[in-house]
Amino acid sequence: MNCQEIEALKHAYADRELDLVRTTEIERHLSDCRACSQAYENIRALSSALKSSDLYFKAPAHLKTRIRASLPDEARSSPTQPFGWRQWLNWGIPIAGTALIAFLIATSVIGPSAEERLTQEVTANHVRSLMATHLTDVTSSDQHTVKPWFDGKIDFAPPVKDLATQGFPLVGGRLDYLQGRPVSALVYQRHKHFVNLFIWPATRSSSTTERAAVCQGYNLIHWNESGMNFWAVSDLNPAELREFAEQIK
Amino acid sequence: MEEQNKQARFEETIMPHLDAAYNLARWLTRNEHDAEDVAQDAVLRAFKFFDGFRGGNSRAWLLSIVRNTTYTWLQKNRKHEITTVFSEEKHDVEDLASNPEVLLLKTADHQEIMRAVEQLPVEFREVIILRELEGMSYKEIAEMSDVPLGTVMSRLARARKQLQRSLGQRLQPGVSE
Numbered sequence: 001m002n003c004q005e006i007e008a009l010k011h012a013y014a015d016r017e018l019d020l021v022r023t024t025e026i027e028r029h030l031s032d033c034r035a036c037s038q039a040y041e042n043i044r045a046l047s048s049a050l051k052s053s054d055l056y057f058k059a060p061a062h063l064k065t066r067i068r069a070s071l072p073d074e075a076r077s078s079p080t081q082p083f084g085w086r087q088w089l090n091w092g093i094p095i096a097g098t099a100l101i102a103f104l105i106a107t108s109v110i111g112p113s114a115e116e117r118l119t120q121e122v123t124a125n126h127v128r129s130l131m132a133t134h135l136t137d138v139t140s141s142d143q144h145t146v147k148p149w150f151d152g153k154i155d156f157a158p159p160v161k162d163l164a165t166q167g168f169p170l171v172g173g174r175l176d177y178l179q180g181r182p183v184s185a186l187v188y189q190r191h192k193h194f195v196n197l198f199i200w201p202a203t204r205s206s207s208t209t210e211r212a213a214v215c216q217g218y219n220l221i222h223w224n225e226s227g228m229n230f231w232a233v234s235d236l237n238p239a240e241l242r243e244f245a246e247q248i249k
Numbered sequence: 250m251e252e253q254n255k256q257a258r259f260e261e262t263i264m265p266h267l268d269a270a271y272n273l274a275r276w277l278t279r280n281e282h283d284a285e286d287v288a289q290d291a292v293l294r295a296f297k298f299f300d301g302f303r304g305g306n307s308r309a310w311l312l313s314i315v316r317n318t319t320y321t322w323l324q325k326n327r328k329h330e331i332t333t334v335f336s337e338e339k340h341d342v343e344d345l346a347s348n349p350e351v352l353l354l355k356t357a358d359h360q361e362i363m364r365a366v367e368q369l370p371v372e373f374r375e376v377i378i379l380r381e382l383e384g385m386s387y388k389e390i391a392e393m394s395d396v397p398l399g400t401v402m403s404r405l406a407r408a409r410k411q412l413q414r415s416l417g418q419r420l421q422p423g424v425s426e
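From first to last, the protein sequence lines stand for chains A and B.
The end of the first sequence is residue 249 by the working numbering, with every number in the run present.
The end of the second sequence is residue 426 by the working numbering, with every number in the run present.
Calculated from the structure, these hints are not laboratory results.
Certain hints may be false.
In the BS3-like style, the derived pairs of lysine-lysine whose C-alpha atoms are separated by at most 27 Å in a straight line are [said to hold, decoys possible]:
{"hint": "1", "chain 1": "A", "residue 1": "K51", "chain 2": "B", "residue 2": "K388"}
{"hint": "2", "chain 1": "A", "residue 1": "K249", "chain 2": "A", "residue 2": "K153"}
{"hint": "3", "chain 1": "A", "residue 1": "K161", "chain 2": "A", "residue 2": "K147"}
{"hint": "4", "chain 1": "A", "residue 1": "K161", "chain 2": "A", "residue 2": "K192"}
{"hint": "5", "chain 1": "A", "residue 1": "K153", "chain 2": "A", "residue 2": "K51"}
{"hint": "6", "chain 1": "A", "residue 1": "K64", "chain 2": "B", "residue 2": "K255"}
{"hint": "7", "chain 1": "A", "residue 1": "K64", "chain 2": "B", "residue 2": "K325"}
{"hint": "8", "chain 1": "B", "residue 1": "K325", "chain 2": "B", "residue 2": "K297"}
{"hint": "9", "chain 1": "A", "residue 1": "K147", "chain 2": "A", "residue 2": "K249"}
{"hint": "10", "chain 1": "A", "residue 1": "K147", "chain 2": "A", "residue 2": "K64"}
{"hint": "11", "chain 1": "A", "residue 1": "K147", "chain 2": "B", "residue 2": "K388"}
{"hint": "12", "chain 1": "B", "residue 1": "K388", "chain 2": "A", "residue 2": "K153"}
{"hint": "13", "chain 1": "B", "residue 1": "K325", "chain 2": "A", "residue 2": "K58"}
{"hint": "14", "chain 1": "B", "residue 1": "K297", "chain 2": "A", "residue 2": "K58"}
{"hint": "15", "chain 1": "B", "residue 1": "K388", "chain 2": "B", "residue 2": "K297"}
{"hint": "16", "chain 1": "A", "residue 1": "K192", "chain 2": "A", "residue 2": "K249"}
{"hint": "17", "chain 1": "B", "residue 1": "K297", "chain 2": "B", "residue 2": "K255"}
{"hint": "18", "chain 1": "A", "residue 1": "K64", "chain 2": "B", "residue 2": "K297"}
{"hint": "19", "chain 1": "B", "residue 1": "K255", "chain 2": "A", "residue 2": "K58"}
{"hint": "20", "chain 1": "A", "residue 1": "K58", "chain 2": "A", "residue 2": "K192"}
{"hint": "21", "chain 1": "A", "residue 1": "K51", "chain 2": "A", "residue 2": "K64"}
{"hint": "22", "chain 1": "A", "residue 1": "K58", "chain 2": "B", "residue 2": "K388"}
{"hint": "23", "chain 1": "A", "residue 1": "K161", "chain 2": "A", "residue 2": "K249"}
Every value quoted in this text rests on a predicted model; they were computed, and no experiment measured them.
Throw the hints in and build the complete structure from the sequences for me.
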């Protein structure tokens, strides 16, 4: 990458919006180029000045009260809408409800099991994380950077291990979404393969033994330990993915 | 009963983002009274349209309504503010890569930063607030502002350049202040 390309990407880089490949290329350039690394530092300095300058205006208490007080009135005083959402509501809810029941019956009889569905969901998230420019929200090989990053974003503290010495360096972490809830995703790397490890609190405390699955050519291993669900997914071969899972445990 | 249910869900999913709604309205209108009116109007609209909310990012959903409400309000009350068409060539500021703003910014105080942000054209101000204060991703900003991702990136780049320039100038030793 040359300085011109960095110029175009430096903001996206500073905002951690780039994929891993470009992030690495930029890091390499910045370590050699004083002008670009100064420009990058300037962006960081501006961002932190903005964040630390107490620029956030909180809604005054009286506004909150005023808005809350006006809500029920608003609901009553607007019986008709130009595009008839209320009519839609009157018919839509029963229809949607019937459709939902039909759907639930259909899926419970012929649909995939909960585990199969989750397998597909995990695989889809893995594929998406590699496709979009969004493998990680926090890019760091330091577990003490990645773990605190999740603070305040999710209501649990995922265990974060760095497995660099075991051949699975930590790349970073990301917020993701599974089974209708936010989950933590840790990204590890082995050679050119990425492993997504999804972690979230288990709803049932029953600990399950490790299970493996294959979905769309990806290997998955999942288990449940100390009240957490762990799902590892990768294009690594099953033996290496098992090795990874053993290291995480 | 349906109505009560809706209200409870609204309270749970949307009302926690009232600060974000007010903050955005406050920065876009640059006036606390106008911001209160706009924020209230936006939240009431959100309530009306709440049946159309299909889950997902409730803060971005509310903020896109706040944004639209504010622009409608600006259109009516302060039209000149949203007609700033910035030409990339004419208004782009020189690259500041070699200037040592890092040191300068450390000494910029709250008032100066505040003024610098307020002086930005409204589209630039908006993207700075959403990115730097709300921590939204480019994609979220693009979706809620209904502009392409590339536009978000270029607005953000130009907004930051302009901030660096105004803060840098103001704080350079020897320059009148």
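Q | Holds or violated: K325/B to K58/A, with C-alpha atoms at most 27 Å apart | A | holds, 25 Å
**Q.** K325/B paired with K297/B [C-alpha distance capped at 27 Å]
**A.** holds, 22 Å
**Q.** 27 Å limit on alpha-carbon distance, applied to hinted pair K51/A and K64/A
**A.** Satisfied, since the Cα-Cα distance of roughly 24 Å is no more than 27 Å.
Q) Can the restraint linking K58/A and K388/B be considered satisfied, given a maximum Cα separation of 27 Å? A) This hinted pair holds, its Cα atoms lying about 25 Å apart.
Q) Holds or violated: K388/B with K153/A, Cα cutoff 27 Å? A) holds, 18 Å
Q: Below or equal to 27 Å on CA atoms is what counts here, so check K249/A against K153/A.
A: At roughly 24 Å apart (the allowed maximum being 27 Å), K153/A and K249/A satisfy the hint.
Q.
Please verify whether K161/A and K147/A have alpha carbons no more than 27 Å apart.
A. holds, 9 Å
Q. Taken at face value, is the distance from the CA of K192/A to the CA of K58/A at most 27 Å?
A. Measuring from Cα to Cα gives roughly 46 Å; hence the hint is violated.
Q.
Can you confirm whether the C-alpha distance between K64/A and K325/B stays at or below 27 Å?
A. holds, 25 Å
Q. Holds or violated: K64/A with K297/B, Cα cutoff 27 Å?
A. holds, 18 Å
Q. Regarding the pair K388/B and K297/B, is the alpha-carbon distance no greater than 27 Å?
A. With a Cα-Cα distance of about 26 Å, the restraint between K388/B and K297/B holds, given a limit of 27 Å.
Q. CA of K297/B to CA of K255/B, is that 27 Å or under?
A. Between K297/B and K255/B the Cα gap is close to 10 Å, so the pair holds against 27 Å.
Comparing the model with each numbered hint stated earlier shows that hints 10 and 20 do not hold.
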